[in-house]
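Taken in sequence, the protein lines are chains A and B.
Sequential numbering from 5 applies to the first sequence in this note's numbering.
Sequential numbering from 5 applies to the second sequence in this note's numbering.
I should point out that these hints are in silico values taken from the structure, not numbers from a laboratory.
Hints are not guaranteed to be accurate.
All copies of an identical chain are treated as equivalent in the list; a pair is satisfied when it fits inside any one copy or across any two copies.
Unchecked claim - Here are the computed lysine-lysine pairs in the PhoX-like style, where the Cα-Cα straight-line distance is at most 25 Å:
id: 1; residue 1: Lys-26; residue 2: Lys-69
id: 2; residue 1: Lys-46; residue 2: Lys-26
id: 3; residue 1: Lys-72; residue 2: Lys-163
id: 4; residue 1: Lys-42; residue 2: Lys-163
id: 5; residue 1: Lys-259; residue 2: Lys-83
id: 6; residue 1: Lys-72; residue 2: Lys-159
id: 7; residue 1: Lys-159; residue 2: Lys-86
Everything numeric in this text was worked out from a predicted model, so none of it was measured.
Number of protein chains: 2
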Amino acid sequence: MAKSDPATIQIHSLPGIPLIEKGDNLCQLILDAIEANKLILKDGSILVLAQKIVSKAEDRLVNLKTIKPTARAIEYSVKTDKDPRLVELILQESKNVIRYRQGVLVVENHQGLIMANAGIDHSNVEQDPENDWVLLLPENPDESAASLHNELLRKTGSKIGVIINDSIGRAWRNGTIGTAIGVAGLSSIVDLRGRADLFGNQLRVSEEAIADELASAASLLQGQADEGLPVVLIEGYPSSSQHIPASELIRPEEKDLFR
Amino acid sequence: MAKSDPATIQIHSLPGIPLIEKGDNLCQLILDAIEANKLILKDGSILVLAQKIVSKAEDRLVNLKTIKPTARAIEYSVKTDKDPRLVELILQESKNVIRYRQGVLVVENHQGLIMANAGIDHSNVEQDPENDWVLLLPENPDESAASLHNELLRKTGSKIGVIINDSIGRAWRNGTIGTAIGVAGLSSIVDLRGRADLFGNQLRVSEEAIADELASAASLLQGQADEGLPVVLIEGYPSSSQHIPASELIRPEEKDLFR
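Start from the sequences and build out the full structure, keeping to the hints where you can.
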């Protein structure tokens with residue numbers, strides 16, 4: 005992109021995606037919604053999917069009533085004042101407990117994501133009197149994204165970027181922001197080191213977490229409450245189609261000063 | 005926004021903003037660029053300004069050659085292998101040192117932002133043989149944003165959201181993302197607690213850091229290298245005009261588990 009070119013990124017919501025159930029074909033439901041909203045997918049289009057619909061399609065619902073907490077889970081449930089069955093699931097989904105206190109259990113999940121409750125969610129899950137459902141993250145969000153990217157390529161002939169995002173908290177800042185947990189068909193991170201700034205000086209530290217910025221942009225339209233807008237289409241972002249998955253956004257433990 | 009309404013957010017770059025110098029009237033330069041790009045500002049428009057141009061207009065350039073490091077700065081410069089004059093400035097701009105190691109000095113600045121080098125930047129600063137310029141963050145970015153918001157209101161009659169963003173690193177993730185350091189004319193954070201999810205369940209934990217998501221969205225077009233696109237216009241985001249400044253995005257120390 006030349007510096008004098010005006011550019012516009014468009015972020016479209018996609019009303020009309022139905023409630024997702026186990027085994028639903030997300031690709032087809034999205035293509036239907038694209039058509040119903042008179043939009044067009046093409047090379048460079050980016051679809052951002054809320055983690056919840058991917059998890060539901062992949063049958064990641066668990067009934068807490070079926071969970072028997074271990075002694076370790078009971079110990080953390082007392083320390084955090086959380087449901088011991090939920091804590092058991094959080095620990096099963098995690099490599100390490102990073103921090104805890106009353107009401108808070110921050111863990112590193114098996115993908116390396118550091119987040120509260122291993123991303124397990126009670127909200128936007130249909131409840132019934134017999135059961136107590138919670139929703140886990142997709143087992144491998146990068147693979148989920150890659151699989152959807154490939155299916156979209158087969159069905160549309162276009163190379164479409166796919167991001168699975170979740171609303172994740174931060175160390176030092178209030179509120180969650182949309183964050184990329186699975187990425188395919190675009191570069192999650194762009195390395196600007198070695199490029200020159202406006203005055204020809206070499207940039208020293210400059211990696212930009214593009215997929216996280218796109219995930220946050222999409223989150224502005226997805227909402228977290230009853231909006232029911234889990235898929236967002238981003239057009240006009242001049243992304244590289246070089247594939248760098250979301251796992252590359254995770255700082256390796258040996259370089260992490262904050263765990 | 006009703007859940008079935010389609011919505012589109014547009015993010016426009018604004019080519020044609022000149023290199024900013026001390027004392028420049030940013031408001032007028034932005035209004036000129038808006039007109040040159042045939043765009044229109046109205047109630048609910050959001051302007052996102054890269055911190056660098058605000059700092060330059062506010063004369064936050066410092067010549068390292070004029071800085072005499074204290075003993076404390078020299079101590080940290082040895083521990084981090086950084087220029088002792090730069091470390092002196094970083095410490096002057098900070099309340100606390102949070103972490104350090106070879107090449108890294110993470111501090112809490114006077115606004116409470118936790119970031120490397122107190123946000124002091126060598127890049128995109130014009131250098132000359134006699135001096136060694138670096139650029140500090142604006143002294144009070146929320147005030148800078150409020151002042152621009154008010155000037156825009158006087159000149160256009162419209163209530164325009166203003167965000168000053170910077171590219172900031174995170175605790176556990178690689179790469180920087182655009183982050184809101186100054187906000188006026190919109191709500192930096194939205195509290196969704198008490199709202200119902202799709203199935204009528206109460207949401208438990210849900211504050212969304214809207215201004216950070218908008219700051220990240222804008223960063224996609226601003227670039228960090230030689231793009232020269234420091235101002236971005238966001239249209240179509242249904243923001244509340246309730247004023248909640250960026251300072252509300254900073255987690256208070258007593259609730260922070262990661263310092």
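Going down the list of hints, with the structure as the test:
no.: 1; hint: Lys-26 <-> Lys-69; in the structure: within (19 Å within a copy, 64 Å between copies)
no.: 2; hint: Lys-46 <-> Lys-26; in the structure: neither (28 Å within a copy, 44 Å between copies)
no.: 3; hint: Lys-72 <-> Lys-163; in the structure: neither (44 Å within a copy, 55 Å between copies)
no.: 4; hint: Lys-42 <-> Lys-163; in the structure: within (19 Å within a copy, 32 Å between copies)
no.: 5; hint: Lys-259 <-> Lys-83; in the structure: between (29 Å within a copy, 17 Å between copies)
no.: 6; hint: Lys-72 <-> Lys-159; in the structure: neither (43 Å within a copy, 65 Å between copies)
no.: 7; hint: Lys-159 <-> Lys-86; in the structure: neither (45 Å within a copy, 53 Å between copies)
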